[in-house]
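Asker: Sequence:
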Amino acid sequence: IAGVVSSCHIGNTVSLEKNATVENLAMSSTTSKITGFEIETSIVYYIPRGFEKFIPNVSYIKIYSSRLKEIHMEDLAPFPDLKELQLPTNNIQVLEKDLFKFNPKLKTVNLYKNHIQHVDPKVFESLSNLESINYKMNPCVIEHKQQISHLPYFTLQRSDVQADIAKFIQKCPPRKDSSSDFKKSDEP
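In terms of this note's numbering, the sequence shown opens at residue 4 and continues consecutively.
These aren't lab readings, by the way, just hints derived from the structure by calculation.
Note that the coordinates shown come from a computational prediction; the quantities given were computed from them, not determined experimentally.
Take these hints with a grain of salt, some might be off.
[Unchecked claim] Okay, derived cross-link-like pairs now, BS3-like style, lysine-lysine, Cα gap no bigger than 30 Å in a straight line:
(1) Lys72 / Lys139
(2) Lys108 / Lys56
(3) Lys125 / Lys100
(4) Lys21 / Lys72
(5) Lys65 / Lys21
(6) Lys56 / Lys139
(7) Lys56 / Lys179
(8) Lys110 / Lys72
(9) Lys125 / Lys36
(10) Lys21 / Lys116
(11) Lys116 / Lys139
(12) Lys139 / Lys170
(13) Lys86 / Lys125
(14) Lys86 / Lys108
(15) Lys21 / Lys100
(16) Lys36 / Lys170
(17) Lys65 / Lys116
(18) Lys104 / Lys86
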């Protein structure tokens, strides 16, 4: 069936150190048939390196409710065929400028219920195929007077994506130190 993703579910995972490397994956299926991996309800502060050695054709990544603190371009660079990135209910605070530089096929990005406060204005520029983005329930887009429990969960579709990305970036300003495009505060 076209479009079916065969993924490797990774449980009971702990990754507390930056640049930790996956040494072994015990799988019952051949890795050529697996096109994604899922890490759910684990403790993964940083995405471990080396998944591409075991799962070479990754088009789907889901790291759900795993306390993920950071995500960088280097984490996603090994996955040029990535089409769907699901990172809901984590602790991500910043989306850096070149985050998706090596992922031009990305169609879906789910950042629902993280701790995003800063988004570089150029973070989505390389994503001409982006069809769906969900950034709801992040501190920079929640109106302080709204009740969190009553906010709707929704995903923006292709026709709305570009316009709404601009609103998202406006509400979540980049960090001054995250881009060389910004002047230091002591400069005229």
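Asker: Decide, hint by hint, whether the structure agrees.
Answerer: Each hint tested on the structure:
no.	hint	verdict
1	Lys72 / Lys139	holds (17 Å)
2	Lys108 / Lys56	holds (20 Å)
3	Lys125 / Lys100	holds (5 Å)
4	Lys21 / Lys72	holds (10 Å)
5	Lys65 / Lys21	holds (19 Å)
6	Lys56 / Lys139	violated (33 Å)
7	Lys56 / Lys179	violated (36 Å)
8	Lys110 / Lys72	holds (23 Å)
9	Lys125 / Lys36	violated (34 Å)
10	Lys21 / Lys116	holds (23 Å)
11	Lys116 / Lys139	holds (6 Å)
12	Lys139 / Lys170	holds (12 Å)
13	Lys86 / Lys125	holds (19 Å)
14	Lys86 / Lys108	holds (5 Å)
15	Lys21 / Lys100	holds (20 Å)
16	Lys36 / Lys170	violated (39 Å)
17	Lys65 / Lys116	holds (14 Å)
18	Lys104 / Lys86	holds (13 Å)
Violated hints for the displayed structure, listed by number in ascending order: 6, 7, 9, 16.
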